[in-house]
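Dock chain E against chain U, hints included.
As given, the protein sequences belong to chains U and E, one line each in that order. Residue numbers are given in our numbering: position 153 of the first sequence equals residue 153, and the series is strictly consecutive. Residue numbers are given in our numbering: position 191 of the second sequence equals residue 191, and the series is strictly consecutive.
Honestly, the hints are just simulated from the structure, not real lab data. Don't take each hint at face value.
Using 30 Å as the maximum straight-line C-alpha spacing, the simulated DSSO-like pairs for lysine-lysine come out as follows [stated by the list, open to error]:
1. U:K101 / E:K309
2. E:K229 / U:K282
3. U:K282 / U:K7
4. E:K71 / U:K132
5. U:K102 / E:K309
6. U:K132 / E:K309
7. E:K120 / U:K282
8. E:K120 / U:K107
9. U:K224 / U:K132
10. E:K71 / E:K60
11. E:K78 / U:K222
12. U:K137 / E:K120
13. E:K305 / U:K101
14. E:K155 / E:K229
15. U:K282 / E:K121
16. U:K102 / E:K172
17. E:K78 / E:K60
18. U:K4 / E:K309
19. U:K286 / E:K120
20. E:K78 / U:K4
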Amino acid sequence: MKSKSQKRWQLAANVILMINSLLALLPFILLIIASFTDEKVAMTDGFSYFPRKFSTAAFGYIIQQWAMIGRAYMMTIVVTAIGTSLSVIFTAMLAYMLSQKKLPGRKIFNFYIVFTMLFNGGVVPTYVMYVKTFHLKNTIWGLIIPNLLLSGFMIMLVRNYFENSIPGELYEAARIDGADEFYNFFHIALPLSVPILATSGLMTGLSYWNDWTNGLYYLDAKGKQLYTIQNILNNINENIQFLASNATGGINIGDLPTTTVRMAIAFVGILPVLIIYPFFQKYFAKGLAMGAVKG
Amino acid sequence: MALKKKDPAPAGNKKSFGAAFLHWLPFYLMGAPGLIYIFINNYMPLAGLQIAFKNFNFAKGMWKSPWIGFKNFEFLFKSKDAFVIIRNTLLYNIAWILIGMVIGVGAAILLNEITNAVAKKFYQTAILLPYLMSMVVIAYLVYAYLSPTSGLITKAIEGVTGNTVQFYQQPKFWPFILTFVHEWRGIGFGMILYLSSLLGIDPTFYEAASLDGATKWQQIRLITIPLLKPTILMLLILNLGQVFRSDFGLFYQVPMMQSPLFPVTQTIDTYVYRALMQLNNVGMSAAASFVQSVVGFIFIVTANKIVTKLDENSALF
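In isolation and in its complexed conformation, chain U is listed as follows (with noise of 0.2 Å):
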């Protein structure tokens, strides 16, 4: 039943969209094979698809310098982790709270969350407080407390699925049987709404990852050994020399593959993502919907 008009829109949408992907993806083959070229030939020749010759050097120093990037690994995952955790626990909590269509003061709270949206001090004062008045300054927390913690958006979002996908009768009957608030949270809640917490702790956990921010403002040379992945990547972007006055044993600039390290390490931070991203994909694309649709 297709028409000849139509063969001709999909043969041209396939083509349109084909390119685009290639132009998504090109970029980070470029940056896999920067990562496994020479480095000779990648400082006279440049980064090709292409290499007149492979090398897995910077990979090597990778592993000989596994004490600076292994323990900066490791920051990642456990600030990840931590940061993630109680992001999610924390917002469920709260918009259990504010499910509660009877709660005394309920307008009061979703305005208190609402207005976060809408203004905030602004970066001097929220980095005068969290190191005049919290001591944040090269403490791991630095990582993982400031803005990142909670969203107002995100709690709105996990409010309205508890308020409109779970049928209040649930918790009557619950109550009934003499359960307490906190069961019902429990094992009522937070069972069903899996997915919408899933999708929260997802891309949350993608934003503690992809972090290098805070680390920018929290973390100083006094707090190198707390140092995640990002930051690494951006200080070898600040500052070629990081990488040799941080190394263990003595290394000479001139002899370090730098040009390809630096790619070598940031396909090292993304592998992570890449790997996971496919099996994902669906739940990254809905929750970046979800919270887009409203600022």
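Here is chain E on its own, set in the frame of chain U:
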């Protein structure tokens, strides 16, 4: 009746305050950690807005630093920086809102045409990938093409013309590079956004139209676009509410903070960072940050007022 008894019905005031309090206490306890966090992270810094009006001294702290009225703002607006950072922030935002809208709608319409499920999933997965990467990594990707010593594009130009283009030293390239990188990263996101409204369009519209002999192009022009209009308008206004904010990561990471590029790469957000952390000029930084917060607030509230008038369900609050 048993149900009724369990219900505290606070509106009726039949129960004593104590009983109502006991009933609601578990809920407040559950909400407390989140509420406290929001108080610390979002409300306490509001007191720090006064820093913009003070000669801030880190050792003295914000309460003991002396008031200096509008001096910080005077310095800020007398410098050339104020004009440049506000201009850059506004112009990039406005241009990107328009470009992003066209590309997003276009990509969504194309993806919606694809009937092969595997191909559709592949396109969506691939095109969305850049959006999930941190700006640091994206800066590396850009560097792989533009690096003066080994960039793929730099070397290709060198091979043809014999000249090495110093991308990281020449401002004239950067409005285009930044726009390209921003759209390259954002296209998948825009696509998903409009795709969800496309999926809501009743397919019988298209069936009827093709029975009447409407071409695909006519269908897009006369059915798809008009039905997408509310979504497009809503996102347009909501985005315009954000024009005073810029993507700090993009402007900070991708041009690698090269000072020759500042005239076209500095925005309010990168300026606030630089003045605070690198130039140690807390006053100027606080003043710029204050202007951004207040003007941004006015923009968002105005945008939301307009959205509420058009369609209450799309409003932010």
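Report the numbers of all earlier hints that the structure fails to satisfy, in ascending order. 6, 8, 11, 12, 14, 16, 18 and 20
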